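**Student:** What follows is the residue order along each chain.
Protein chains: 4
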Amino acid sequence: MNTFSFSALLQKFQNLGLSLDLFKDKPRPNFDEVTHDLCSTLLQLRGEASSVAIAEEIIRHYRGGTLAEKQGFFRYLHDTLGADAGRVDQAIRNWQGTPSGQNLQALGAACEPPRIELLRTLNTAPGGTMALIDMRDDLLKMAGDDPVFAVIDEDLLHLFRAWFNRGFLELRRIDWQTPALILEKLIEYESVHEIQGWDDLRRRLESDRGCFGFFHPAIPDVPLIFVEAALTNGISDNVRALLQQEPPRNGHTPDKLPNTAVFYSINNCLQGLRGVSFGNFLIKHVIEHLAVEAPHITQYVTLSPIPGFMRWLKKEWPQLSQNGDGKGVLAPDAKEAVDALLRGELNADMIAASQPLQTTLPALCARYLVLAKSRDKPADPVARFHLGNGARLERINWMADASPNGIAQSAGLMVNYVYDRKTMARNHEAYEQQNEVAYSLAVRKLLPGPAVPMIKLAPAR
Amino acid sequence: MNTFSFSALLQKFQNLGLSLDLFKDKPRPNFDEVTHDLCSTLLQLRGEASSVAIAEEIIRHYRGGTLAEKQGFFRYLHDTLGADAGRVDQAIRNWQGTPSGQNLQALGAACEPPRIELLRTLNTAPGGTMALIDMRDDLLKMAGDDPVFAVIDEDLLHLFRAWFNRGFLELRRIDWQTPALILEKLIEYESVHEIQGWDDLRRRLESDRGCFGFFHPAIPDVPLIFVEAALTNGISDNVRALLQQEPPRNGHTPDKLPNTAVFYSINNCLQGLRGVSFGNFLIKHVIEHLAVEAPHITQYVTLSPIPGFMRWLKKEWPQLSQNGDGKGVLAPDAKEAVDALLRGELNADMIAASQPLQTTLPALCARYLVLAKSRDKPADPVARFHLGNGARLERINWMADASPNGIAQSAGLMVNYVYDRKTMARNHEAYEQQNEVAYSLAVRKLLPGPAVPMIKLAPAR
Amino acid sequence: MNTFSFSALLQKFQNLGLSLDLFKDKPRPNFDEVTHDLCSTLLQLRGEASSVAIAEEIIRHYRGGTLAEKQGFFRYLHDTLGADAGRVDQAIRNWQGTPSGQNLQALGAACEPPRIELLRTLNTAPGGTMALIDMRDDLLKMAGDDPVFAVIDEDLLHLFRAWFNRGFLELRRIDWQTPALILEKLIEYESVHEIQGWDDLRRRLESDRGCFGFFHPAIPDVPLIFVEAALTNGISDNVRALLQQEPPRNGHTPDKLPNTAVFYSINNCLQGLRGVSFGNFLIKHVIEHLAVEAPHITQYVTLSPIPGFMRWLKKEWPQLSQNGDGKGVLAPDAKEAVDALLRGELNADMIAASQPLQTTLPALCARYLVLAKSRDKPADPVARFHLGNGARLERINWMADASPNGIAQSAGLMVNYVYDRKTMARNHEAYEQQNEVAYSLAVRKLLPGPAVPMIKLAPAR
Amino acid sequence: MNTFSFSALLQKFQNLGLSLDLFKDKPRPNFDEVTHDLCSTLLQLRGEASSVAIAEEIIRHYRGGTLAEKQGFFRYLHDTLGADAGRVDQAIRNWQGTPSGQNLQALGAACEPPRIELLRTLNTAPGGTMALIDMRDDLLKMAGDDPVFAVIDEDLLHLFRAWFNRGFLELRRIDWQTPALILEKLIEYESVHEIQGWDDLRRRLESDRGCFGFFHPAIPDVPLIFVEAALTNGISDNVRALLQQEPPRNGHTPDKLPNTAVFYSINNCLQGLRGVSFGNFLIKHVIEHLAVEAPHITQYVTLSPIPGFMRWLKKEWPQLSQNGDGKGVLAPDAKEAVDALLRGELNADMIAASQPLQTTLPALCARYLVLAKSRDKPADPVARFHLGNGARLERINWMADASPNGIAQSAGLMVNYVYDRKTMARNHEAYEQQNEVAYSLAVRKLLPGPAVPMIKLAPAR
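Protein sequences appear in the order of chains A, B, C and D. Residue numbers are given in our numbering: position 40 of the first sequence equals residue 45, and the series is strictly consecutive. Residue numbers are given in our numbering: position 398 of the second sequence equals residue 403, and the series is strictly consecutive. Residue numbers are given in our numbering: position 363 of the third sequence equals residue 368, and the series is strictly consecutive. Residue numbers are given in our numbering: position 20 of the fourth sequence equals residue 25, and the series is strictly consecutive.
Simulated from the structure, these hints should not be mistaken for laboratory data. Just so you know, these numbers come straight off a predicted model, no measurement behind them.
Straight line, CA to CA, 25 Å or less: simulated BS3-like cross-link-like pairs of lysine-lysine:
#, chain 1, residue 1, chain 2, residue 2
1, C, K190, B, K190
2, A, K190, A, K289
3, B, K427, B, K450
4, D, K190, A, K190
5, C, K450, C, K378
6, A, K320, A, K340
Isolated chain A, as found in the complex:
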């Protein structure tokens, strides 16, 4: 604890006309003492306007703490600012005596600990919302199994879900007219296809591209999540070609207006908001937006990585390669090639040149995406995201990402998911309720046997 800031704190209290009695026996109090005193002061003020200044002080104080001090702060929130067990037990007795709606509501209220009120008040400080998000970011980095941290984490997540309700988010187009303050966030947070400085950024914001983000009014300078799209003719099957495409000279001329929006990257910016989902809304809002602004766009697809494919293949290959599948998708000479691939002996060029791999890998990948499951849903996290949104698995693209990372995670394969406005809601329902995965006829042909039912195309109901 920095004594200078303590004297500044005393000064601030005096300016606010607040009593300094708290500190009178503590000439150089430690971090914990200041924390506890400030927090209890704040809770006693019960919403009085000067509480904003105390909240600001707590945030500043927290930010200056060491890791251990921050952990101490969370333990304090958990241990000292928990709910009153006696009041909870009384509420339980009331509910058990008369199981009315009102008594249940009262029980819920009794379970709400005072730290929730504290966190709500911290939000009133200037920059308070961002400070709380940063606080949860800290928390998520701490040792994962400690139930104390898990409880505080859940409290924050619960608050964030209320505050970041979709009804409060704003969709904004991000382009070269956007303040630099926001644009530098794109460079910082793009992790799917890294942005190589400001020139690369500008390229991604030209007229044949589109970048859209969700913003919250309390954090106007940071997109919560953003998606990058390229406007093309036809569905792109190679991400390098997509990214390196020359910009249009004088805007699109009418005879070659793009007909396709390819979403090639979607990124969350704030780790501290993990678990508050925006992604599905964002893509769909962008589609709604483009449907009005750019009616010449008639199809919406992704060009997506398959992050878990090679990991899965490594694990499953021994058994797959023994059984074959009786359907001819595993070419005779495929085993040797896949073995070499899994041993890490093939570089991008060698993979690209291998006919057996070109035949076999897409078929294996189709199995992975459609048949490999984790708790009844697709094992691949990107597949889970898009299929869960109601998209359809459309096409598996050979050598679509020959970067080292692309080779490592998916042997260069990438996949297109199609967002079809007519079938999205139905696909979503089928996915949620029957765990059904929507895929195209082309993918169907890569799968073994007739045993896996393809999702029905929408008949007129």
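Chains B, C and D: place on chain A using the hints.
**Tutor:** Okay, now just chains B, C and D, sitting in the frame of chain A:
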């Protein structure tokens, strides 16, 4: 239930690609059936993007309902979308077995009924926030004692307290540059000193006045609360004089810059937000704002009504008039005058001309404001508001509001409360914790005896 | 001249660090002396930054002048700040010696008087542009024939034409979201169909109406010109019906989107900009705007007054009524009715009930609009405006404006002009170059004989 | 001339409903033919709204031209679209007959060639203002002596002076919140101290710096001119130290608020606006702005290069070194050192280490800045700019710019000019009228003898 809108609803479901199975056996379903089907559909969609459209549909549907149908909707929320008692009981057992923070949190979560999730999703519809506020407005107008409505009301209030966290509100100056859409709200909601059309409104927004409101990003066109101030030289003691003052010709010239901001009216706009308090923050934010923007303003006062004075006097007078107070504040000829006043025999002019009343009424009013209590706090609601904010009761003004309403509620008296930035926080603390009321020496002189301690002025601590 | 402001002026000069020598022998100088001194100071400063303060001072000084003093100011500009005749004569000799482009340019420059530079510098003061517009407004009100004033007027007009170049104007939609400061200008300047207060104004800005204005960046709070439109189904033939139409309840539902924009009023706001034309651009920009924003609007028409019809008829009727026209458009019993009309014996109801007038007046009006000329262009000023813009005279409407003014100027008739995007430019060319007037077949039928060629519809050229 | 764009042009004419007769005998017209036809069409349209489209076409056409074609265009403007000599001569006769203000005005009007109207109409096209500025940029690059180009250049300059009147410019602060589109212009146009990419740019926009620009509403994305300042404590004497200073961590804390604004770079962005001066206004507006926004700033200085010093020294040294000056400023061993310097034998370190140079060079530089003249004004262009604005030559800084360029142009010297709000206007007057140069006592001491009168400090006049 209007069959036309039902067919439109079917059409909408089809456009969204949603199944119509829900409705297949109900050619002309009634309001309740549609409500229940829409709500259960919405909850099943679990946040999928097309849930926005369903939410919009539920709101439209609700709005078209009769009073009885709306009440039915609230009963449905209460009875059908309540928490799962079995899950609650299991959570109680867990907590009783192991009274950990985590188990308590889980118990709280178990108490949260699905209708909360429904209400959160309704908020995602365009205009959803306003629709929920209107819904609570409806609810508050319904028969007050029904615990079913009270439970839903509490749910909404709980959501609103989270959403309308002070950290999300924006202070905006309202002036003649403000969109008419917002200005007409001032005319609609000003209830302290009614605005007589657009000319009166413009007068209230000129350079020697100030109007400020809190806005929430989701309701950008309605101030949640607004306060009106007049910038004057010296503390105003008459509201009519204040309102009728001529506007400055060419702005204030430097030799007579105003030194006082007189807050003469503060109004909430949205009944549906009753119980979510903004008023104390608003006044203090305006003071902070003026301290920077208009440093020549050195004092901040109100010119406030005393809504409960005459009612209190009527009740207490028999005893007060018998006892006297031994201090000479009750003038010898006062009894007769007050009796006549209470019998309603005196009009404004007669009151104004009465020397005994001019001596006696302020003293009685000082007693009312300082000594009359309701649950240990001042009985007068306006006094409760300002003193609770940390203001000081400064001065009681004779014949300050000679309007019929002013005569009826307070015999023409009004009062100034002073917001002193140096003592506000301390006054607030003393008020909250020891029920102390801050008043000036002038008021002190109107009170009987030395028994009532005046709040200490801030010594240098 | 107010001595107080003179001392303030001295103070200002001192604050600017400027010499007070100018004023040293003039303890109480008169208006003219101050004017001249300030103006010569300003010209000597040659663009130095403190010239802004002097410019502001001149404007303030001018504004405080009497009519006679203002006239004196204009005479001073003319007499004292005129071009240097010697320099002009030298430039003439140069040009006559060598008639080169450069010498001609130099001659033009020599003709530019210093007062132009003065006026340009006045424009740099805060609010300077508006002050110069007001100055010209004053000038236009002064006795018209004085060539001195005409010269200054021409100088200002020349500056305004440069400054208010169409490239600098901004088209803005005006609606209920617009600041009240701008909206009150609509009430003030609408002179075609007066706005009856703020409720009427709001009605004119609802979703089935549109109001658009041109704004200049230097005068952001005053529309230079604005046009009001109603969005209807079909071409409106009655202005009262149009204005009194009920607003839509919940916006237009898709099955009855309006297909027509009826421009029913266009108003200039600033008299001081008379002669700088915006009107034709405004209407066409609004049409371009609606074509994108409201593609369901397929026709654009006016509902226009015919201000000169009755005046013309009064003058021409003796001859017209004698000759007849041999075409049967003048009904046998028309003469008596028209005579009564012209004698002022008929009120609105009597006109409305007269079959002969209903047959005859439209035919006479068609003659007036198409055949009556003033310097080869249509005699009617409104016709001149719209036809000059390339619109087509479409339809003459019986009893379209039964207001006293409508009866007085055009016996209740109004007319629709159609703006057809395909033919506007050609109509404009034909109008400008061959004085041709575009009209519809319906109007053609009202005209006598085949002698008047109708403008050809556009064949593929 | 590209035939494709010709067919597009024909299409456009047809869409506008304009006659194609112009082109009927020219299946593949050349650049000149199209130019002439478009321009004459435009002038005939006399302001009709479709003229905007033609203006756009002319600009597009011009932009596609070769250098020779562009020159041809300017010749066409000069030769064909010049004023009517007959009309000029008639106006001359009128003026000579009656030398009235009106006849002079008419003569000026007769001298205005139609190409001015053409240029005004080009300004109405989207982006027209920028296109005309680019056109003048082209013109300025063409062979300088051709009077034809000089005439067109003068026409454009005359228009720009009217359009870019100071009253229409907007001062804007440029910071990291500014759109990237504008920020990249700073990188492009900063030529005094080059910006090394986006990180350097961000540094220049932090809270201890300030960047301000003038913008015109018709070119919102390009600052016409911008100035960069550093906020420091005390007057900076070294530009590298200034630029490399660490940014403040948490904003300035109150005990060390900066008291000085150092303007270290001012740049015009648009060559095409050469001759339209903004610089003096910009600096003074920024000073006015800071005086309000940052009252802790009490002095405003530049840290400026001395671009002509070494060039002047080379020329004057032979004579100066012979005469000495009898004042002791030329140290005994100075001659040798200056000789070596002028022979280019000294690098930055050697100069820095030379005591004789440190004594002699500032004295020589003072002579250069104060005594060296060009047409009665200071010979140094930067001195001319700041002294002409009313600034005072304050201090000559040894080794203030050790960059190769700094060594080459001024042997590492830089100079501070002080903008003192109290004396600026007087300095400006004295400079303009008596060619007086304001300098400090410190500079006075560097000058020879008492012969050069220092400008008087302002006594109370």
